[in-house]
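Novice: Chains A and B supply the protein sequences, listed in that same order.
Okay, so the first sequence: first residue is 1 according to the working numbering, each after it adds one.
Okay, so the second sequence: first residue is 1 according to the working numbering, each after it adds one.
For the record, the hints were derived by calculation from the structure and aren't laboratory data.
Treat each hint with caution, since some may be false.
As the list claims (entries may be wrong) - Here are the simulated EDC-like pairs of lysine to aspartate or glutamate, each with C-alpha atoms no more than 20 Å apart in a straight line:
#1 Lys373/A to Glu345/A
#2 Lys21/A to Glu45/A
#3 Lys43/B to Glu48/A
#4 Lys91/B to Asp382/B
#5 Lys91/B to Glu307/A
#6 Lys47/B to Glu58/B
#7 Lys47/A to Glu23/A
#8 Lys2/B to Glu65/B
#9 Lys373/B to Glu345/B
#10 Lys373/B to Asp227/B
#11 Lys2/A to Glu66/A
#12 Lys224/A to Glu48/B
#13 Lys47/B to Glu45/A
#14 Lys43/A to Asp382/B
#15 Lys43/B to Glu45/A
#16 Lys47/A to Glu58/A
#17 Lys47/A to Asp227/B
#18 Lys47/B to Glu48/A
#19 Lys373/B to Asp384/B
#20 Lys373/B to Glu268/B
#21 Lys2/A to Glu86/A
#22 Lys47/A to Glu48/B
#23 Lys2/B to Glu58/B
#24 Lys224/B to Glu48/A
#25 Lys148/A to Glu192/A
#26 Lys43/A to Glu45/B
#27 Lys91/A to Glu66/B
#28 Lys373/A to Asp227/A
Given next are the chains, with one letter for each unit.
Number of protein chains: 2
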Amino acid sequence: MKCRLLCVRCAKTYPFQLMGKCECGGVLLVDYDLERAVRTMSKSELKERPFTMWRYRELLPVHKEERIVSLGEGGTPLIRMHRLEEQLSLKQVWVKREEQNPTGSFKARGMSVAVSLLHERGAGHAAVPSNGNAASALAAYAARAGMKATVALPRDCPAPIIDECRYYGAAIELIDGLIHQAGERIELGVRENGWYHVGTMKEPGRVEGKKTMGYEVAEQLGWKLPDVIVYPTGGGSGVIGMWKAFRELQALGWVNDPMPRFVCVQEEGCVPVVEGFAASRDTAAIGVAADKRRLTPRAVFRPTPNERVTSQPTGMRVPAPPDGGLIVSIVLESQGSAMAVSATEIAEAQRRLAGMGVSASPEGAATLAGLLKLAAQGCVTDRDRVVLFNTAHAQKYGVTAM
Amino acid sequence: MKCRLLCVRCAKTYPFQLMGKCECGGVLLVDYDLERAVRTMSKSELKERPFTMWRYRELLPVHKEERIVSLGEGGTPLIRMHRLEEQLSLKQVWVKREEQNPTGSFKARGMSVAVSLLHERGAGHAAVPSNGNAASALAAYAARAGMKATVALPRDCPAPIIDECRYYGAAIELIDGLIHQAGERIELGVRENGWYHVGTMKEPGRVEGKKTMGYEVAEQLGWKLPDVIVYPTGGGSGVIGMWKAFRELQALGWVNDPMPRFVCVQEEGCVPVVEGFAASRDTAAIGVAADKRRLTPRAVFRPTPNERVTSQPTGMRVPAPPDGGLIVSIVLESQGSAMAVSATEIAEAQRRLAGMGVSASPEGAATLAGLLKLAAQGCVTDRDRVVLFNTAHAQKYGVTAM
Chain A
1 MKCRLLCVRC
11 AKTYPFQLMG
21 KCECGGVLLV
31 DYDLERAVRT
41 MSKSELKERP
51 FTMWRYRELL
61 PVHKEERIVS
71 LGEGGTPLIR
81 MHRLEEQLSL
91 KQVWVKREEQ
101 NPTGSFKARG
111 MSVAVSLLHE
121 RGAGHAAVPS
131 NGNAASALAA
141 YAARAGMKAT
151 VALPRDCPAP
161 IIDECRYYGA
171 AIELIDGLIH
181 QAGERIELGV
191 RENGWYHVGT
201 MKEPGRVEGK
211 KTMGYEVAEQ
221 LGWKLPDVIV
231 YPTGGGSGVI
241 GMWKAFRELQ
251 ALGWVNDPMP
261 RFVCVQEEGC
271 VPVVEGFAAS
281 RDTAAIGVAA
291 DKRRLTPRAV
301 FRPTPNERVT
311 SQPTGMRVPA
321 PPDGGLIVSI
331 VLESQGSAMA
341 VSATEIAEAQ
351 RRLAGMGVSA
361 SPEGAATLAG
371 LLKLAAQGCV
381 TDRDRVVLFN
391 TAHAQKYGVT
401 AM
Chain B
1 MKCRLLCVRC
11 AKTYPFQLMG
21 KCECGGVLLV
31 DYDLERAVRT
41 MSKSELKERP
51 FTMWRYRELL
61 PVHKEERIVS
71 LGEGGTPLIR
81 MHRLEEQLSL
91 KQVWVKREEQ
101 NPTGSFKARG
111 MSVAVSLLHE
121 RGAGHAAVPS
131 NGNAASALAA
141 YAARAGMKAT
151 VALPRDCPAP
161 IIDECRYYGA
171 AIELIDGLIH
181 QAGERIELGV
191 RENGWYHVGT
201 MKEPGRVEGK
211 KTMGYEVAEQ
221 LGWKLPDVIV
231 YPTGGGSGVI
241 GMWKAFRELQ
251 ALGWVNDPMP
261 RFVCVQEEGC
271 VPVVEGFAAS
281 RDTAAIGVAA
291 DKRRLTPRAV
301 FRPTPNERVT
311 SQPTGMRVPA
321 PPDGGLIVSI
331 VLESQGSAMA
341 VSATEIAEAQ
351 RRLAGMGVSA
361 SPEGAATLAG
371 LLKLAAQGCV
381 TDRDRVVLFN
391 TAHAQKYGVT
401 AM
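Input sequences plus hints: build the corresponding full structure.
Specialist: Structure follows, in structure tokens:
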């Protein structure tokens, strides 16, 4: 838990604090004394601990254990999809069932850390702009901590998620606009009311929480890394978090495999990461620092203008991710890919997963839609072990709506 | 996995097969060679296994491991409720978050075993009468196994659950009546179409799956048993399963604590277990066989007539549990209790749990409503460790409906 902040771009360091960006504009990630951490967190010690994400507490930035705000997040199943493997002639396909977290989505992980950091500091009011799942997660964790929460959501957010935020007692602001416009509302509250902002890249906790998905996949595969990670990408901090997790495990010598290829999937009608990847893959020189904890992004990245956004209201609809350049850099460095899938392909993939017993959100279904394209293009083969991330329950979107 | 069936009433044994009742009418439970099971399933071996309910596979009745139908069930969090402890002056209160199972309820456990048993035998079509959660669980597990499923539900079943059954591809029969009348529809399909009936006490798998809740609570508490289990009771096989689990752990010497007091909670307007308990507690002589694997129920138990049923459509609305006498016997033997709570008390308890970050179904909230009464009556004290079972997600019922 001894840690500092390190700029992924310029390598400047800061004492640990609740900030998200370096003065150079680069993303600040938490930098641990890894050797010290594993003095108490050995592989065998992990077996003695409950299978929640807090089993990795030495590599999470909360210092006061009694201030951890936990609802039982992490420790989600990784299930093998034998029928898909047969159908697609692939070696191994797994689904990481992130919908089995508290509040039914992977957002529980990041919010558990972010709210714990606020709880350590005695904060009274947390706030977040969100497409839905981060909002209901904040609402639940703030309730658990006895803290107030305000969430700002695009007005077309699925009704069950708005209900869920209300259920946990959050104040809700419905915005006529997209998630970055919801962000403007939260910024106002930060300035005027002293709210604590737990939006993407506003503080270091959420990426740290999400990185535990990477630790878990590695542990669940017997401290091996998969070859391919297919991830539905909006703000992209899941990708940043897992990339960081795998780097840390490599640095520790806990895994000997190369970095998995990250494949970002977005829905047609809002594909800034896909466009950034296409614009960068032939030209960008990605500088990877020798210690491999840093990336010097030279990727081309531009937000999607509002008027071009036509995709459905899901977690993938993020026209201006706070560090799109870093996401594209990770995709490039890992020799991965980024691809667009249509709403029709997502719906079809969701039906296919339902027919195999999996409750897949549109975002989770998009990863299967992406895998089908990867397989058709020969970009994954029968030598690859692939992990799809089902980030939320279908039910959260209203099943009939799908 | 070597096992047979043992009648809990008359002690007659049968080779393992898919039957639920003895010729004497007693419940058949699976009887294992416990000493043999723990040759490979030691406490230290368990630490090497994934934290799903199949970690206890030597004490589950599926013989062909490759036929296990799993979606990542079990291994749910047990979270401490410090604020409730302070408010109620209790020593320890825990919530077992069964809503974090696949399909968002504890029913996943029983259906994973039941469908695995059918999958071992090449069954093509499974069917169940249900108040909702068992139906959507069967739908998902049948889909995973490539099996057909038919579910019969009272017409007033919450819409999101009906949607969920449809999502997984089950055929749905909506019945103008209660769960036992839905059962008549399924019996017809069993006779005319050869469906396999996985209803409560129709086969031995579901109780075995549910018993893993008991194993997990014991393991999560460091191989200690809680003092009190508060459980929302409909068909009651969760109570029967956990009672069996604790007996098995005691027989193995893995726990040294006495049986927890089982408290069954039902909603006013359908309280056959509460009435059976009231009618039996002063008079019934409960025969416990010397080997403690059996109970000779002499409890008074009568189903609630349809015309007296006024409770909400939840999993607790079961006027005629297939072995109510056994449930009452377990409550009596464990020196537990059974209590009715009102719809208003349930709604109030649900709000209270929401305010602590927990997504509680009406059934789960009923356990808190029950605990409040127990505490007020002095039936739980500051010496007791209490576990509440939150059996399903609030969302499955439509949050706004609450």
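Novice: Would you check the hint for lysine 43/A and glutamate 45/B, treating anything up to 20 Å between C-alpha atoms as holding?
Specialist: It holds: about 15 Å lies between the C-alpha atoms, which stays within 20 Å.
Novice: Holds or violated: lysine 47/B and glutamate 58/B, Cα atoms, limit 20 Å.
Specialist: holds, 15 Å
Novice: Between lysine 91/B and aspartate 382/B, does the CA-CA distance stay at or below 20 Å?
Specialist: Holds: lysine 91/B and aspartate 382/B sit about 5 Å apart, inside 20 Å.
Novice: Quickly compare the C-alpha distance for lysine 43/B and glutamate 45/A to 20 Å and report which way the hint goes.
Specialist: holds, 15 Å
Novice: Regarding the pair lysine 2/A and glutamate 66/A, is the alpha-carbon distance no greater than 20 Å?
Specialist: holds, 16 Å
Novice: Given the hint that lysine 43/B pairs with glutamate 48/A, test it: the Cα-Cα distance must not exceed 20 Å.
Specialist: holds, 11 Å
Novice: Within 20 Å, alpha carbon to alpha carbon, are lysine 47/B and glutamate 45/A?
Specialist: holds, 10 Å
Novice: Under the criterion that the straight-line Cα-Cα distance not exceed 20 Å, is the pair lysine 373/B, glutamate 345/B satisfied?
Specialist: holds, 10 Å
Novice: Holds or violated: lysine 2/A and glutamate 86/A, Cα atoms, limit 20 Å.
Specialist: Since the Cα atoms of lysine 2/A and glutamate 86/A sit roughly 46 Å apart, the hinted pair is violated (cutoff 20 Å).
Novice: Verify the proposed pairing of lysine 43/A with aspartate 382/B, using a straight-line Cα cut of 20 Å.
Specialist: violated, 37 Å
Novice: Run the distance test for lysine 224/A versus glutamate 48/B: straight-line Cα separation, threshold 20 Å.
Specialist: holds, 16 Å
Novice: Take a quick look at whether lysine 148/A and glutamate 192/A sit within 20 Å of each other, Cα to Cα.
Specialist: holds, 16 Å
Violated hints, listed in ascending order, are 2, 5, 7, 14, 17, 21; each of the other numbered hints is respected by the structure.
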